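Student: Sequence:
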Amino acid sequence: MLKVAVVTGSNKGIGFSIVKGLLKRFQGVVFLTSRDDVRGKAAVAKLNELGFYPDYHQLDVTDTDSVATFASYVKAKYGGIDILINNAAVCNCSELYLSYEETKYIIDVNYYSFFIIQEHLYPLIRNNGRILNISSDCGHLSNVRNEYWIKRLSSKDLTVKDINQFVEWHLEAVKNGTFNKSDFADDGTIAAYRVAKVGVSALTIIQQRELDARNISVNSMHPGLVRTDMTKGVGFYDADQAAETPLYLVLEAPASIKGAYIWHDRQVLDWYDPKADWYFKSITFSQ
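Here the sequence shown is numbered in our numbering, starting from 1 and rising by one per residue.
Hints listed in this document are in silico derivations from the structure and should not be mistaken for laboratory results. Small disclaimer: the values here were computed from a predicted structure and weren't measured. Please note that a few of the clues may not be correct.
[Said to hold, decoys possible] Below 20 Å or equal to it, Euclidean Cα-Cα: the simulated EDC-like pairs (lysine to aspartate or glutamate) are:
{"id": "1", "residue 1": "281", "residue 2": "186"}
{"id": "2", "residue 1": "175", "residue 2": "101"}
{"id": "3", "residue 1": "258", "residue 2": "240"}
{"id": "4", "residue 1": "258", "residue 2": "270"}
{"id": "5", "residue 1": "161", "residue 2": "187"}
{"id": "6", "residue 1": "281", "residue 2": "49"}
{"id": "7", "residue 1": "12", "residue 2": "65"}
{"id": "8", "residue 1": "258", "residue 2": "187"}
{"id": "9", "residue 1": "281", "residue 2": "187"}
{"id": "10", "residue 1": "41", "residue 2": "55"}
{"id": "11", "residue 1": "75", "residue 2": "119"}
{"id": "12", "residue 1": "3", "residue 2": "49"}
{"id": "13", "residue 1": "12", "residue 2": "240"}
{"id": "14", "residue 1": "77", "residue 2": "101"}
{"id": "15", "residue 1": "151", "residue 2": "168"}
{"id": "16", "residue 1": "46", "residue 2": "172"}
{"id": "17", "residue 1": "161", "residue 2": "108"}
{"id": "18", "residue 1": "258", "residue 2": "273"}
[What the hints assert, rightly or not] Simulated restraints, written as ranges between beta carbons of each label pair:
{"id": "19", "residue 1": "92", "residue 2": "151", "range": "17 to 25 Å"}
{"id": "20", "residue 1": "115", "residue 2": "39", "range": "32 to 40 Å"}
{"id": "21", "residue 1": "147", "residue 2": "80", "range": "25 to 33 Å"}
{"id": "22", "residue 1": "73", "residue 2": "181", "range": "42 to 50 Å"}
The beta carbon of each residue, even a glycine, is placed where N, CA and C say it ideally should be.
Based on the provided sequences and hints, a complete structural model is requested.
Tutor: Shown next, in the form of structure tokens:
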């Protein structure tokens with residue numbers, strides 16, 4: 001039985017480098033996926049020139065039909081998935097404060113898409129498989145400064161309802177003009193991305209609970225500030241370097257690392273610490 005690895009949003013940036021790294025080290029089929037067919041096939045051609053041959057499939061993580069079609073294809077051809085890296089994401093990092101429409105778009109792609117993936121792809125994850133949710137330093141609980149939401153999100157009995165209501169609270173605040181910058185770190189900059197990634201990190205903990213019986217590990221991680229299109233070329237290392245920790249986590253890390261929030265240097269952090277200095281700082285973009 002062939003092993004299978006899938007990387008969402010992998011036609012460029014960190015996702016592309018993760019696919020390349022998997023093709024070098026993983027003994028099995030590696031899927032490069034992309035929302036845009038033209039860009040996806042161009043990425044495959046670039047890898048082919050380097051002597052690497054991924055499988056390719058169109059995949060829009062926000063489109064239920066697209067995800068369901070991909071799931072059916074993988075199930076029919078390979079039977080299941082051993083490694084899933086949820087990498088697809090967007091961020092309007094050039095604008096520190098966003099309109100409701102932009103906020104909703106960022107949250108739809110970066111958070112709500114995980115429920116579509118969970119519904120259609122998680123049933124294909126084989127026992128002892130590994131799932132890695134690419135989060136951010138925006139995804140640590142210390143990004144939240146509202147005491148009510150800190151208390152709810154840090155509960156050991158955290159539920160999906162808690163997370164969804166947190167996300168909906170922010171959407172409503174932006175829509176109604178009641179957004180308060182002091183509810184988030186760094187004067188509320190790129191709040192939509194913070195909310196979405198906090199949601200992803202918190203959801204990871206719940207997903208681990210649900211999949212623990214099958215010895216599937218689910219972790220989230222901050223890949224670091226990487227020189228990619230998303231960061232407008234700002235960062236302290238390139239995509240290939242940033243791919244090293246994700247590759248370690250899905251290929252080499254101890255199976256005992258489960259439901260964790262992991263820094264780009266492989267350090268497992270306490271996600272529940274609201275007073276930690278792990279939150280995103282916008283000054284980083286000017287350094």
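Student: If a hint holds in the structure, say so; if it doesn't, say that too.
Tutor: Each hint, compared with the structure:
For the suggested pair residue 281 and residue 186, the alpha carbons sit about 6 Å apart, so the restraint of at most 20 Å is met. Only pairs whose Cα atoms come within 20 Å are accepted, and residue 175 paired with residue 101 is accepted, the gap being roughly 9 Å. Straight-line distance between C-alpha atoms of residue 258 and residue 240 comes to about 25 Å, which puts the hinted pair past the 20 Å bound. Simply put, residue 258 and residue 270 have alpha-carbon atoms about 13 Å apart, close enough for the 20 Å limit, and the pair holds.
With a C-alpha separation of about 27 Å, the suggested pairing of residue 161 with residue 187 is violated against the 20 Å cut-off. Our distance criterion of 20 Å between C-alpha atoms is broken by residue 281 and residue 49, whose separation comes to about 39 Å. This hinted pair does not check out: residue 12 and residue 65 have alpha carbons roughly 23 Å apart, beyond 20 Å. For the hint pairing residue 258 with residue 187, the CA-to-CA distance comes to about 32 Å; that exceeds 20 Å, so the pair is violated.
For the proposed pair residue 281 and residue 187, the alpha carbon gap of about 9 Å is at most 20 Å, so the pair holds. Under the criterion of a C-alpha separation no larger than 20 Å, the hint pairing residue 41 with residue 55 is consistent with the structure, at around 10 Å. In summary, the hint linking residue 75 to residue 119 is supported, as the alpha carbons are separated by about 14 Å, within the 20 Å threshold. Proximity of residue 3 to residue 49 is assessed by CA-CA distance (about 24 Å); at most 20 Å being required, the pair is judged violated.
About 11 Å separates the Cα atoms of residue 12 and residue 240, which keeps this hinted pair within 20 Å; it holds. For the hint pairing residue 77 with residue 101, the CA-to-CA distance comes to about 39 Å; that exceeds 20 Å, so the pair is violated. Restraint check: the Cα-Cα separation between residue 151 and residue 168 comes to about 17 Å, which is no more than 20 Å; the hinted pair holds. Note on residue 46 and residue 172: the hinted pairing is violated, with a Cα-Cα distance of about 43 Å set against a maximum of 20 Å.
This hinted pair checks out: residue 161 and residue 108 have alpha carbons roughly 16 Å apart, not beyond 20 Å. Straight-line distance between C-alpha atoms of residue 258 and residue 273 comes to about 18 Å, which keeps the hinted pair within the 20 Å bound. About 30 Å separates the C-beta atoms of residue 92 and residue 151, a value inconsistent with the hinted range of 17 to 25 Å. Between residue 115 and residue 39 the Cβ separation comes to about 25 Å, which falls outside the hinted range of 32 to 40 Å.
Hint check: residue 147 to residue 80, Cβ distance near 43 Å, so the stated range 25 to 33 Å is violated. The supplied range of 42 to 50 Å is met by residue 73 and residue 181, whose beta-carbon atoms lie about 45 Å from each other.
Comparing the model with each numbered hint stated earlier shows that hints 3, 5, 6, 7, 8, 12, 14, 16, 19, 20, 21 do not hold.
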